[in-house]
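Same order as they appear, the protein sequences are chains U and Z.
Residue 1 is where the first sequence starts when you use my numbering, and the numbers rise one by one after that.
Residue 251 is where the second sequence starts when you use my numbering, and the numbers rise one by one after that.
Honestly, the hints are just simulated from the structure, not real lab data.
These figures come from a predicted structure and were not determined experimentally.
Even for Gly, the Cβ is constructed at its ideal location relative to N, Cα and C.
Mixed in with the good hints there might be a few duds.
Stated by the list, open to error - Chain Z side only, calculated, beta carbon under 8 angstroms to chain U, not exhaustive:
1. P360
2. M361
3. L362
4. G363
5. F365
6. E366
7. Q408
8. L417
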Amino acid sequence: MTNAWTPDQPIVSIKDVHKSFGPVEVLKGVSFNVRKGEVVCIIGPSGSGKSTLLRCINALVPIEKGSITVEGQEVHDAALDKLELRKKVGMVFQSYNLFPHKTALENVMMAPIHVLKRPREEVEAQARRLIKKVRLEGKEDAYPGELSGGQQQRVAIARSLAMNPDIMLFDEVTAALDPETVKEVLVTIRELAEEGMTCMLVTHEMGFAREVGDHIYFTDRGIIVEHGPPATFFSNASDPRTRAFLSQIL
Amino acid sequence: MEGLWDFLRSLHDAYGINLVHFYDTFERGRMLRGMWTSIKLAAVCIVLSVLIGILGAWLQGSRFKVLKAVVQGYIQFFRNTPPLVQMYFFYFALGPQMPRVVNEYGISQPMLGSFEWAVISLSFFAGAFNIEIFRSGVEAVQRSTVEAAESLGFNRWQIYRYVVLPLAVRVCLPALNNNLVNLIKTTTQAYAIAVPETLFVASQIWSDRINVFEMMVTLLTFYLLLVGIFVWLMTRLERSLRVPGFGQ
């Protein structure tokens, strides 16, 4: 398939995506588009399929029906070039998932060196810049076990950025953090968003979603119940499920 | 050195303590060659069995059912049969089936000698256990860590090589140590197919020189030191691989 994607088309296009785990259908026909540079927040009660949706986008989880394209490349395709996809899509996880046997700097350097086969000196210079960018200068040689949760999560963000992705997926990245350290991670994400990085966040940080998000999607039981720009979404939610959820959280 | 040999010789004359395998040049040569053979045998088998373990544990994670079944069959075969019987099987059953080669003196001889067969059978024997040991380490690696590597574009082999294996080794090193110590001790079994290792030459010397008691003490001391040095090295390795905040 020739890739005729241009930046004015949606960078991520999700159409009627279905996904089941055994008898449980977690995604029951989800569709939406993300434009380049947009910051999309996906909110909803636990078990509503938010995380699964993100994991489908970078093919960590295969879908059964529907279509997901990233920069025009179909993800739901047996012949998918996973490496090509993952070079475009960075992902940050709730539990950081750093490589515990590598220092912060090595964590950032590993994928560019082993996956992209880029020269070590160049990668190291970039990794040092990224560590600085996430405000962890001086922690280059610390192992993940010696860093706080917030620091580990920022290393994880730097590690994803080292692959120069076009899209970043954030899967409840602050859910495992202390309230004090949540902020330092959110600041990093906000800076990324301001630089024009396309971001998709699954989050429970409503304040942050309202502030940084360009578009909010509310999912429940595998479908998108309601969506809209934050201003209208948070003040004029029309669906009773959205309202019930928001009243519990806000 | 001469002084020491003279002293040992005097022990024999005065008290009947017969350490002829030290003070007699010929016997000492035999003894040292035997010890060197043991060390070589152990070293080669350690390396090969660890490689078998690493490769086998990787194949066990394969998507191909046939490969997994082959690995499983190998493990069952070598774990459920006595190592001495395995060695006999290799040397006496498989050995004669192998093509013969002509050596430098123009004499036809089997392609593989007893040392080679000992290496093969002991490596396969210890390798079967090493696969299970590495597998336990691989299974201890968090699924989420593997997913992170996947999302960074690592392929299956790169994930194993750079993430899973380094973490698994740290988890399974104590168990691996045990098995490798066992392997070193099991090299004495090569005696049974006439590999001129320590136990074999010792038995030759004690038959010639009738110094059974002294020889037994020498043998025990040799293996105590050999295994002791190995364990010391492995402890150092374990310490050098220690990572702050992991596995403690």
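Verification of the hints:
no.: 1; hint: P360; in the structure: violated (44 angstroms)
no.: 2; hint: M361; in the structure: violated (40 angstroms)
no.: 3; hint: L362; in the structure: violated (38 angstroms)
no.: 4; hint: G363; in the structure: violated (42 angstroms)
no.: 5; hint: F365; in the structure: violated (37 angstroms)
no.: 6; hint: E366; in the structure: violated (37 angstroms)
no.: 7; hint: Q408; in the structure: holds (6 angstroms)
no.: 8; hint: L417; in the structure: holds (6 angstroms)
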